[in-house]
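Protein chains in written order, with the working numbering: chain A, 46 to 284; chain B, 46 to 284.
Because the hints were derived from the structure by calculation, they are not lab data.
Predicted, not measured: the structure shown is a model, and the values here were computed from it.
Even for Gly, the Cβ is constructed at its ideal location relative to N, Cα and C.
Misleading hints may appear alongside valid ones.
Every beta carbon over 12 Å from chain A, so not counted as near; a handful from chain B, in silico [as the list claims (entries may be wrong)]:
| hint | residue |
| --- | --- |
| 1 | 56 |
| 2 | 118 |
| 3 | 172 |
| 4 | 191 |
| 5 | 266 |
| 6 | 277 |
Cross-link-like lysine to any residue pairs, in silico, SDA-like; alpha carbons within 20 Å at most [as the list claims (entries may be wrong)]:
| hint | chain 1 | residue 1 | chain 2 | residue 2 |
| --- | --- | --- | --- | --- |
| 7 | B | 55 | B | 269 |
| 8 | A | 55 | B | 269 |
| 9 | B | 166 | A | 55 |
| 10 | B | 166 | A | 189 |
| 11 | B | 166 | B | 149 |
| 12 | A | 55 | A | 263 |
| 13 | B | 55 | A | 149 |
| 14 | A | 55 | B | 150 |
| 15 | A | 166 | B | 82 |
| 16 | A | 83 | A | 129 |
| 17 | A | 166 | B | 149 |
| 18 | B | 166 | A | 129 |
| 19 | B | 55 | B | 142 |
| 20 | A | 166 | B | 269 |
Protein chains: 2
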Amino acid sequence: MTNPHLASVKALVFDVFGTVVDWRNSVARDVDALARRKGLEIQAAEFADAWRAAYRPSMDRVRRGELPWTKLDDLHRMALRTLLRDLRIDLSEAEIDELNRAWHRLQPWPDAIAGLTRLRKRFLVAALSNGNIALMTNLSRYAGLPWDCILGAELVRRYKPDHEVYQSAADFLDLERSEVMMVAAHLSDLRAAKEVGLRTAFVVRPLEYGPNEQPDLEPDASVDLTAMDFNDLDFQLRT
Amino acid sequence: MTNPHLASVKALVFDVFGTVVDWRNSVARDVDALARRKGLEIQAAEFADAWRAAYRPSMDRVRRGELPWTKLDDLHRMALRTLLRDLRIDLSEAEIDELNRAWHRLQPWPDAIAGLTRLRKRFLVAALSNGNIALMTNLSRYAGLPWDCILGAELVRRYKPDHEVYQSAADFLDLERSEVMMVAAHLSDLRAAKEVGLRTAFVVRPLEYGPNEQPDLEPDASVDLTAMDFNDLDFQLRT
């Protein structure tokens with residue numbers, strides 16, 4: 046193995062939105078389908094970007110204790126209502142619920158299923174997402190993600206990058222922190238994982254945000270291993 | 046469908062020990078292998094029975110609040126130490142750890158994988174066991190159980206038949222209780238699930254306890270549907 050530091054790794058835990066699935070194009074596809082059905086003018090990709098941007102502040106309010114624990118489906122719905130109001134788009138409650146479930150129907154990146162399937166032969170693989178269990182479970186069924194189990198924010202009622210989420214992965218799997226590797230496309234996620242003592246793999250996803258926001262493209266000091274995609278991650282963990 | 050009451054079911058949650066896997070013969074196999082390796086005289090099946098019987102009282106002590114929350118791997122280890130002392134069998138700490146992980150290496154009943162795979166096409170399928178997450182995850186990898194997610198006692202720090210465990214399945218899956226069906230070979234499990242409002246399927250496992258203990262063979266009033274095995278359960282839920 047490239048890095049003897051990684052020989053102890055037994056489980057890989059994955060960030061999901063942006064790392065495993067392409068949320069932007071998937072949400073935009075559902076927004077576009079709704080707009081066509083309703084005869085509305087909506088810039089679907091910009092809508093997806095604004096929606097994603099809008100739930101982050103509310104997640105941070107939960108992290109700071111200003112909001113009680115609220116699961117991601119509900120934060121998504123709050124952000125969606127605000128966005129629809131700002132854009133003066135009028136939807137029924139049923140249409141809002143249906144659109145909110147766009148986050149349950151995200152497409153995996155092209156390498157994700159093959160890569161996870163390869164990695165799973167030698168490592169336990171688990172989701173470690175801010176998405177709630179129902180969201181992750183429905184999304185994983187939809188996308189065909191072959192997890193051994195689904196962990197994450199809801200199980201400890203804390204959002205990443207709060208340390209409790211990373212620590213809980215090692216605790217639930219009954220592993221040492223050095224035996225768990227966090228896989229993510231976002232350096233903020235990997236920095237927090239590293240602070241807790243997890244190993245870290247950075248997978249570059251240059252297309253996550255489209256043309257508007259700059260993704261992380263280069264590793265920093267928190268990264269143990271950098272991979273082009275999940276197949277490359279499997280290859281590097283073999284050699 | 047046989048019972049229109051069941052048309053709303055979207056998720057099946059499974060008891061695992063005895064319902065999905067044959068713990069008795071699997072544990073006995075590992076005990077027997079250890080006995081041969083060490084040149085010890087151990088009646089392997091009786092050992093498995095005594096071990097299973099011995100952890101139940103400690104689980105009930107957790108349920109009554111006399112013991113703090115303790116995960117099943119640790120209850121298994123406590124029961125194993127007592128049993129070894131009673132039988133005057135001397136094992137090293139490493140041997141005890143290894144034997145305790147016999148519960149991570151249980152064989153599925155012959156219909157379990159095919160049945161779960163069929164059921165999963167139309168229903169979300171999840172483990173809802175008293176086994177802790179690491180135990181269930183390792184066991185499911187070992188046996189090849191195709192869960193959508195792993196729920197259970199550890200996530201709410203309560204043991205079945207405490208109602209919180211059944212309620213948590215509906216909550217984590219974001220479903221109504223009437224949309225969740227508990228599948229188990231044990232009527233005590235199904236009675237508690239029914240009290241909470243879950244639907245119930247009784248799967249008969251006549252060989253679970255070997256010749257010494259009487260399994261549940263006939264449904265009672267808490268049971269919505271009785272099946273011979275998981276393939277039969279799939280068939281009945283189609284017709």
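Hint by hint, here is what the structure shows:
1. 56: Since the minimum Cβ distance to chain A is about 9 Å, residue 56 of chain B lies within 12 Å and the statement is violated.
2. 118: violated (7 Å)
3. 172: violated (9 Å)
4. 191: violated (9 Å)
5. 266: holds (31 Å)
6. 277: It holds; residue 277 of chain B is separated from chain A by about 24 Å at its closest Cβ, greater than 12 Å.
7. B:55 <-> B:269: holds (15 Å)
8. A:55 <-> B:269: violated (42 Å)
9. B:166 <-> A:55: violated (30 Å)
10. B:166 <-> A:189: holds (12 Å)
11. B:166 <-> B:149: violated (26 Å)
12. A:55 <-> A:263: The given pair, whose Cα atoms are some 25 Å apart, is violated under the 20 Å limit.
13. B:55 <-> A:149: holds (16 Å)
14. A:55 <-> B:150: holds (17 Å)
15. A:166 <-> B:82: violated (29 Å)
16. A:83 <-> A:129: Distance ~14 Å between residue 83 of chain A and residue 129 of chain A Cα, so the pair holds.
17. A:166 <-> B:149: Cα-Cα ~17 Å, so holds.
18. B:166 <-> A:129: Violated - the C-alpha atoms of residue 129 of chain A and residue 166 of chain B are around 35 Å apart, more than 20 Å.
19. B:55 <-> B:142: violated (39 Å)
20. A:166 <-> B:269: This hinted pair is violated, its Cα atoms lying about 39 Å apart.
The earlier numbered hints that this structure contradicts are 1, 2, 3, 4, 8, 9, 11, 12, 15, 18, 19, 20.
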